[in-house]
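Student: What follows is each chain in one-letter form.
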Amino acid sequence: MQPIVRVEGIHKSFDKTPILKGVSFQIEEGDLVSLIGPSGCGKSTLLRCLNGLEVLDSGRVEICGVAMERKPNVPAGPLADIAHKLRRNVGMVFQTFNLFPHKTLIQNVMLAPMVVKGVARDEAAAMAEKLLKKVGLGEQVDRYPLNLSGGQQQRGAIARALAMAPKVMLYDEPTSALDPIVVDEVLDVMKELDREGMTQIVVTHEMRFARDASDYIVFMDKGEIIEISDEDEIFQNPKDPRTRQFLHRFL
Amino acid sequence: MTRLALIFGLLISSVIPAFAQPAQTTPAGALPQLRYGGALSSGAPYTFRDPGDPNKIIGFEVDIMNTLAERLGYRPVFVNNDWASLIPGLDTGLYDLVINGLEITSAHQAAADFSIPYYITFGQIVIRRGDPPLDNLAALKGKRVGTLQASQMEYVLRAAGNIDVRVYDEEIDVYSDLKLGRLDASVMDFPIAVYYAKPDRALEFTGDPIGRIEYGIALKKGAHPELLANINSALSTMLADGTMHRILDRWALWTQMMAQATGDARSMLAQPIDYDRFVEATEPTTWRGQLERYMRFLPQLGWAAVATVQISVMSMVLAVAFGVVLALCRVYGGVVLDRIAQVYIEAIRGTPLLIQLLFIYYGLPKIGLQLDPYVAGVLALGLNYAAYEAENYRAGLLAIPRHQMEAAIALNMTERQSLRYVVIPQAARIVVPPTTNDFISLLKDSSLVSVISLVELTKTYELLSTTYYDYFGTGLLVGAIYLLLGLPFVRLARWAERHLSRGMTRASS
Ligand SMILES: Nc1ncnc2c1ncn2[C@@H]1O[C@H](COP(=O)(O)OP(=O)(O)O)[C@@H](O)[C@H]1O
Ligand SMILES: [Mg+2]
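Respectively, the protein sequence lines represent chains B and Y.
Using this note's numbering, read the first sequence as starting at 1 and increasing by one per residue.
Using this note's numbering, read the second sequence as starting at 1 and increasing by one per residue.
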């Protein structure tokens, strides 16, 4: 099978400090991949490079056949258009949910389809309602984000991303800002999506989830991928000492 | 949002028609116009609102113009302007000539062409009744003497040396300070003294005539030699055939000096009916009379209030629209646009609004851009307030977390769409209160447009209070009108704020 996500030699620096030092990996359609690693190692930056929120310095990202490539020291100008095209297939969920506070839940979900794709209001509303029901928010559609719990907001954010019918979903620590008791309701939505065949990349500190739900795990440290392993293997028999040291805390 | 937009739209569309200038078409067979400029604020007896009927503009200069225009085959049309701007108004083409007590001095002649004098007069010393008489300029040495700013008399008093000269914008302020003991004497043009000091029991005339003042009709320098020649010959005729004598008699302005200058030794040719009417209409009255007078002001103040609101609303619309553009340039425009917007904002905020207004109206014609006073006023106020609005809106935009923009971009919106649907609506809520405050300020600052010939509320206050010698009651009335004008906008803003902030506070669902 053709990989749906193909990343080759991504480099990214902030203020001359290299953050990503040549990251490469591939993901097949339908896989759920957990991206783990110590804080500050560049996980968020990598995720943001995948959908062009961060402009890469050099390297190549290809998602669903749309390739964004940059040679070293070439202006980033033309990348903006390609990034926009690439994002058509990519949804993203943030640690802090980032729902639009001036819109109700259903308006949050309807906005992008109407604005970006020109979907009619009725159609967008019907789809939004369906998606919100699916993430368990059928009763809350007319609430404003501020009147929802963190777990509800994050599920709403997932529904909002799904409304654009992405092929790949990116999650940046989707449960880190949540009360422990509501973490599972968000993870359950992701598991459900996995069953439906969605390709998902999840930056997470939930090792239990990484172990139980992922198809495989990517371990990063200091801007490099150290190990890509089967989920059981990495926990039972990590190859690299750095992986071992990192996982030690969770075992 | 849409409802708000609709209300705003209605507000604007209801205001626009009122801006249309009266059509100045000349029906076939009708006489061509002769537009003459003057300052209603210059007061009696020159060109002023009839205290008995504020809808009418009267004065001895109005009478002269009517006769003059008739003899030259024109239809006279009066155009009001600020006194200090009368000559610049010639250059901008606001009117064809100025007749408003402009003295024929070398300084004035450098700026405009002048006709032969239509009236020759002098400075009249006025003191408090009962004070020791003062005979001449020499007797004024060491005394506090009030006169009008930039008048020929100011020059004469200063040239005499050792006189403590105090200058004013309004003649009635000179006399009221004289009565209050803030001045020892005043010297102003004889016609002013006749109308504002002579009827007053607390004041009296004293001494010899001071200097010689010649009033002439001013035309744009070098522009209308033929018209000037025609005016001169018509004026000569009027002076010779007694027409001028009759007009001046009606206004109680014929003097020994005029008799000598014209060689017309005849005594009174007409009763001073216009003078008597003025004195009667402006006499201090009872409370009831005063109230009736205020009632008579109301229509005039009403129209002035409409003008104030029109100018303010149009200016604010411009300020908000352009302010948003500037703020977007500053926050999202990249280095170049940010820089340009910053320079604009600093330049506007660093210079007085009055200068911007004068520059746009009187300065731009120099480079071929001649604007209608309304347009110039709205432009100046709008462009000025835009700079302040821009900084408001910039703060509003910056108050919206970056994450909001990123979330929108991640949903495949463009930057423009993200701004329009996500960032700006949230920022709008934050900036409603400061914008409302600015509108209230603008409502007040709109009074500045009186310097470019627009008559609004403050100008009307000035006109009414100088006509009736009553800053107090008229001031309370006009102050109340300003307060009332601001109220609906404060209400509208509160409503808008509530409307926009739905969902932005907890437990409002
Ligand atoms: N916009 C930025 N500007 C400068 N430095 C940044 C920026 N974003 C991230 N960094 C730095 O890059 C490093 C990696 O950050 P990040 O990708 O957020 O790590 P992680 O998500 O793995 O915790 C950190 O040292 C962080 O301070
Ligand atoms: Mg992170």
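Each hint should be verified, as a subset may be incorrect.
Said to hold, decoys possible - If you want the footprint, here are the derived chain Y segments under chain B, 3+ residues with CB under 8 Å:
hint, segment
1, 31-38
2, 402-415
As the list claims (entries may be wrong) - Listed below are the simulated EDC-like cross-link pairs for lysine to aspartate or glutamate, each with C-alpha atoms no more than 20 Å apart in a straight line:
hint, chain 1, residue 1, chain 2, residue 2
3, B, Lys117, Y, Asp200
4, B, Lys85, Y, Glu415
5, B, Lys222, B, Asp240
None of these hints come from the bench; they were simulated from the model.
Heads up, the beta-carbon is just placed ideally off N, CA and C, and yes, glycines get one too.
Student: Now tell me if each hint is right for this structure.
Tutor: Hints versus structure:
no. : hint                   : result
1   : 31-38                  : violated (count 0)
2   : 402-415                : holds (count 11)
3   : B:Lys117 with Y:Asp200 : violated, 80 Å
4   : B:Lys85 with Y:Glu415  : holds, 14 Å
5   : B:Lys222 with B:Asp240 : holds, 14 Å
Hint compliance for this structure: hints 1 and 3 are broken, all remaining hints hold.
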